[in-house]
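Based on the sequences and whatever the hints tell you, model everything.
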Amino acid sequence: MLSKHLHWRYRFRKHLQRGLLYFILFAGAAIMILPFFWMITSSLKAADEITLRTIQWFPKIPQWENYKIAWEAAPFGTYFQNSFTIALAVTFIEVVFSSLAAYAFANFNFFGKNFLFILFLGTMMIPGEVMLIPNYITMVNFGWVDTYQALIIPWTVSVFSIFLLRQFFMSIPRDLFEAALLDGCSKFRYLLTVLLPLSKPALVTVMLFKFIGSWNSFLWVLILTNTPKMRTIPVGLTYFISDVGAYYNYLMAASTFAMAPILVLFLVLQKQFIQGIAHTGLKG
Amino acid sequence: MNLKRLIVLTLVLCVVAGGTSFAKTKITFWHAMSGDLGEAIDYLTEQFNAENPEIEVESIYQGRYSDLNTKIVASVSAQVTPTLAQVYENWTDAYIRNGLLVPMEDYMDLTEEEFNDYTEVYRSMNTWEDKLYTIPLNKSNWILHYNTELVPEPPRTVEEFLQISREVTEKTGGETKGFGMRPTLELFHAFLYLNGADFLDDDLNVTFNGPEGVAALKLMLEMIEDDSALLIDGYENEAFGDRMIAMYIGSSAGMPHVVGSVGDKFEFRTASLPTGVRPGAPFMGTNVALFKAASEEERKAAGKFMRFMTNTENTVYFAIKTGYLPVTYSGLESAEYQQFIADNPHLAAIADEEALAHGYWQPRIGAWEQARGAIYEAVEKVFLGVSTVQEALDEAAFEVEEAIEEMLTQRY
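Chains A and B, in that order, give the protein sequences.
Using our numbering, count along the first sequence one by one with no gaps and you end on 284.
Using our numbering, count along the second sequence one by one with no gaps and you end on 412.
Read the hints as simulated data drawn from the structure, not as lab findings.
We treat Cβ as the ideally placed atom computed from N, Cα and C, and that holds for glycine.
Accuracy of the hints is not assured; some may be wrong.
To be verified - EDC-like mimics (lysine to aspartate or glutamate), calculated; alpha carbons at most 20 Å apart, straight line:
(1) A:Lys60 / B:Asp242
(2) B:Lys26 / A:Asp146
(3) A:Lys229 / B:Glu39
(4) A:Lys68 / B:Asp264
(5) A:Lys187 / B:Asp242
(6) B:Lys321 / A:Glu72
(7) A:Lys229 / B:Asp264
(8) A:Lys229 / B:Asp242
(9) B:Lys265 / A:Asp48
(10) A:Lys60 / B:Asp264
(11) B:Lys24 / B:Glu56
Unchecked claim - Incomplete in silico selection of chain B near chain A, CB under 10 Å:
(12) Ser34
(13) Tyr61
(14) Ser66
(15) Thr70
(16) Val73
(17) Ser140
(18) Glu153
(19) Leu231
(20) Tyr235
(21) Ala239
(22) Arg372
(23) Ala374
Quick look at the structure:
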């Protein structure tokens with residue numbers, strides 16, 4: 001009798017907890033989704049609807065041609081190609097460099113290691129704006145204006161990624177490293193077959209950051225290119241805003257298609273990301 | 001023997017052909033015109049290139065004005081400046097002080113008639129060292145936009161303007177405020193000028209913190225306090241289209257946006273700014289500058305291009321396509337442009353010839369970019385209630401004086 005009462009109370013509490021949890025999750029999800037929802041409904045509004053100050057959740061008549069107008073406002077086909085090429089190249093090369101550098105900092109001792117590492121970290125304190133013009137001059141001297149290498153190579157080393165990977169590598173037991181070397185594994189093979197697979201979550205994080213960073217990069221691309229055929233999506237988005245007004249509906253339409261690939265990428269990598277965590281969790 | 005001759009002949013032909021295609025003068029034109037404006041530039045550029053096979057102009061969109069300025073500054077430091085670029089007057093002044101430009105006039109072969117055809121306001125805005133250093137391209141003016149349902153006749157004087165603003169708020173029970181006020185440097189400038197003063201006098205002494213400036217800013221503040229104006233952040237045309245305000249003062253360059261937000265909800269018209277102690281029509285927009293790094297040949301090609309861009313036919317084409325003003329009298333008076341204005345009554349104030357006689361503009365000094373920031377901040381501080389009007393203006397005046405001092409004593 002008593003136990004049954006307890007049982008009910010237990011179940012009630014469990015339901016309540018679960019209900020509360022779902023409520024919080026739903027509220028959180030709603031807050032996250034709202035801007036995207038707003039972006040998409042705004043992208044379908046007419047010019048005289050978009051600027052209404054009263055909240056209007058849906059357009060009266062969805063203006064599907066906004067997407068066509070936005071797509072044709074700038075050479076977005078080319079911009080997409082460039083954005084993809086550059087983001088993929090930057091991300092790939094950066095992961096190679098960062099993991100090699102982080103591996104050295106995490107697993108080996110060499111002369112001046114700490115000094116070098118602090119020097120690396122120090123460069124993170126320099127604001128990007130300060131480096132813009134010197135870097136531009138370097139690129140001009142290399143004759144790299146209007147080339148892919150100017151848009152890719154300067155961004156292939158990221159101190160933040162090296163730092164993040166180094167911290168992650170250091171959390172992996174050193175015994176594993178020593179055991180592998182004892183078993184005759186080469187240092188490079190250890191990195192490739194043991195360390196990197198174990199570091200999937202950190203790698204995915206680094207890649208995601210880099211990809212999104214490159215995808216969104218604007219000023220560098222604008223400064224380093226002089227022809228539409230070398231430019232990327234964010235440059236296209238500026239077409240809709242000026243000092244005297246903005247075409248928000250077209251801008252939202254363009255933002256929607258500009259963001260779609262990133263969203264897909266995130267959804268795909270998210271799976272990897274969770275797998276990665278589960279994987280290391282087991283080994284840990 | 002015959003074969004040999006043929007080879008030699010072919011080689012010679014190749015060299016000649018190569019030589020002529022090499023002789024094509026290439027010039028670059030950096031601008032900040034996107035959308036319809038960019039298309040108009042591209043169209044005219046193509047026309048010019050087709051008509052002038054010996055010249056190739058490449059018009060390149062370089063982002064918004066701020067991006068364009070960054071890009072020019074970067075190109076100066078790397079010594080890869082364009083041939084031509086769209087510039088504001090204060091940029092021009094800074095570039096001239098640093099010896100980066102050559103006067104466009106020297107390369108345009110303008111007859112006296114052609115020279116005088118450029119609207120006087122724009123000539124004044126573009127003259128340095130008694131020369132037309134830059135050529136006006138996309139000029140706009142600030143005009144009053146009004147909703148004809150609530151404001152049947154536009155105010156002619158500042159008193160009328162204040163009265164109508166109050167009346168609209170009263171009539172609509174506050175639903176629609178009479179005037180939309182974005183606390184900007186430009187609006188402060190408008191009221192300052194109507195009060196008979198300006199930011200600086202001819203000797204670059206700061207004058208905006210005198211009684212006229214204080215009165216101007218107080219007038220703006222009072223309009224908010226007595227509810228005849230609505231404080232706006234963002235673009236005014238949006239609140240206007242949403243019937244939150246019945247009037248606002250803004251750039252004629254924003255016309256496509258106004259038309260868009262108003263839709264067919266109501267009818268609107270434009271008028272020149274009301275008259276205060278004196279009439280005044282603020283002019284803005286950019287001009288085209290010629291960089292010194294260009295060779296003699298490139299400079300000549302650039303001059304030819306600017307003649308083409310501003311000839312009657314093309315300045316009218318550009319004006320109709322973009323909503324900017326024709327830069328010449330012949331353009332303004334052309335049958336085509338007059339017809340365009342007649343067909344679009346909401347544009348009436350844009351081409352008001354009387355306004356051209358009372359044109360004024362923001363100071364054309366290199367230090368202005370920095371000075372602007374200080375004045376903007378002062379206006380904002382007053383509207384946020386952080387400073388009194390006199391305090392805020394005095395503080396800004398001090399900063400502006402310093403910026404000018406710095407400009408005059410050193411190159412930068």
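Structure-inconsistent hints, enumerated in ascending order: Per hint list: 4, 5, 7, 8, 18, 19, 22, 23 violated.
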